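Q: No gaps in the numbering here: position 60 of the sequence shown is 60 in my numbering, and each next residue is one more.
One or more hints might be untrue.
What the hints assert, rightly or not - Estimated spans, in silico, between C-beta atoms of each pair:
id, residue 1, residue 2, range
1, Glu108, Leu133, 17 to 23 Å
2, Leu119, Arg72, 27 to 33 Å
3, Gly121, Gly79, 18 to 24 Å
4, Glu97, Gln12, 48 to 54 Å
5, Pro110, Arg10, 52 to 58 Å
Said to hold, decoys possible - Here are the simulated SDA-like cross-link-like pairs (lysine to any residue), alpha carbons at most 20 Å apart as the crow flies:
id, residue 1, residue 2
6, Lys93, Ala49
7, Lys101, Glu8
8, Lys101, Tyr81
9, Lys93, Arg72
10, Lys101, Pro16
11, Lys101, Gly17
12, Lys101, Arg136
13, Lys93, Asp33
14, Lys101, Asp54
15, Lys101, Arg72
16, Lys101, Arg10
17, Lys101, Val27
18, Lys101, Leu51
19, Lys101, Ile135
20, Lys101, Ser9
21, Lys101, Gln64
What the hints contain is simulated information worked out from the structure, not anything from laboratory work.
Bear in mind that the values here come from a model prediction, so they are computed numbers and not experimental data.
From the three backbone atoms N, C-alpha and C, an ideal C-beta is built for every residue, glycine too.
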Amino acid sequence: GELELLAESRTQEIEPGQTARFAVQVVNTGSLDLAGVALSTSLPAGWSAELAPDTLALLPAGEQLRVALNLRAPAALQGEYEFRLSASGLAGKRRIEAPEKELGLRVEAPVDWRRVLLLIGALLLLLCGAIALSIRLRRR
Numbered sequence: 001g002e003l004e005l006l007a008e009s010r011t012q013e014i015e016p017g018q019t020a021r022f023a024v025q026v027v028n029t030g031s032l033d034l035a036g037v038a039l040s041t042s043l044p045a046g047w048s049a050e051l052a053p054d055t056l057a058l059l060p061a062g063e064q065l066r067v068a069l070n071l072r073a074p075a076a077l078q079g080e081y082e083f084r085l086s087a088s089g090l091a092g093k094r095r096i097e098a099p100e101k102e103l104g105l106r107v108e109a110p111v112d113w114r115r116v117l118l119l120i121g122a123l124l125l126l127l128c129g130a131i132a133l134s135i136r137l138r139r140r
């Protein structure tokens, strides 16, 4: 028996508090049926994951099944993160494990353009004030 995990996309970009959706194919590439195939993820603290379905009663030889993986980022978190997805099943009494699949996620807050424009406006006012003050001092 052999088990593989195939991901349509390995990296995604989301905003804090949003959910990333990955589509993963669980493929039995061996010649034996696999029973009790279980999927799991390793997550940092504060993250949540939902696998649908997370267990498969039977995965026949040569068959594949699409699994939805939803990862939810904490609301106050930014940066780049990696997650591992693993799967294992039984071929008779022998445990078969798929090589772990690494998924990447970049969490970035959107740019608040109002703040950027306010800062630019404040800098322009400060610059104009400095120019006006230097002109008055030069005339004296």
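Q: Run every hint past the structure and note whether it holds.
A: Results for each hint:
1. Glu108 to Leu133: 17 to 23 Å: Hint violated: Cβ distance 40 Å, outside 17 to 23 Å.
2. Leu119 to Arg72: 27 to 33 Å: Given range 27 to 33 Å: holds, Cβ gap about 32 Å.
3. Gly121 to Gly79: 18 to 24 Å: violated (30 Å)
4. Glu97 to Gln12: 48 to 54 Å: Once the Cβ atoms are compared, 25 Å apart, the range 48 to 54 Å for Gln12 and Glu97 is violated.
5. Pro110 to Arg10: 52 to 58 Å: violated (23 Å)
6. Lys93 to Ala49: Not OK: Lys93 and Ala49 at ~29 Å, beyond 20 Å, violated.
7. Lys101 to Glu8: Since the Cα atoms of Lys101 and Glu8 sit roughly 12 Å apart, the hinted pair holds (cutoff 20 Å).
8. Lys101 to Tyr81: Given that 20 Å is the threshold and the Cα spacing comes to 14 Å, the pair holds.
9. Lys93 to Arg72: Status violated; Cα separation ~35 Å.
10. Lys101 to Pro16: violated (23 Å)
11. Lys101 to Gly17: violated (24 Å)
12. Lys101 to Arg136: violated (68 Å)
13. Lys93 to Asp33: Roughly 12 Å between the alpha carbons, so the hint for Lys93 and Asp33 holds.
14. Lys101 to Asp54: Status holds; Cα separation ~15 Å.
15. Lys101 to Arg72: At roughly 18 Å apart (the allowed maximum being 20 Å), Arg72 and Lys101 satisfy the hint.
16. Lys101 to Arg10: At roughly 9 Å apart (the allowed maximum being 20 Å), Arg10 and Lys101 satisfy the hint.
17. Lys101 to Val27: holds (13 Å)
18. Lys101 to Leu51: holds (14 Å)
19. Lys101 to Ile135: The given pair, whose Cα atoms are some 65 Å apart, is violated under the 20 Å limit.
20. Lys101 to Ser9: Between Lys101 and Ser9 the Cα gap is close to 11 Å, so the pair holds against 20 Å.
21. Lys101 to Gln64: Since the Cα atoms of Lys101 and Gln64 sit roughly 16 Å apart, the hinted pair holds (cutoff 20 Å).
In terms of the numbered hints stated before, the structure departs from hints 1, 3, 4, 5, 6, 9, 10, 11, 12, 19, listed from lowest to highest.
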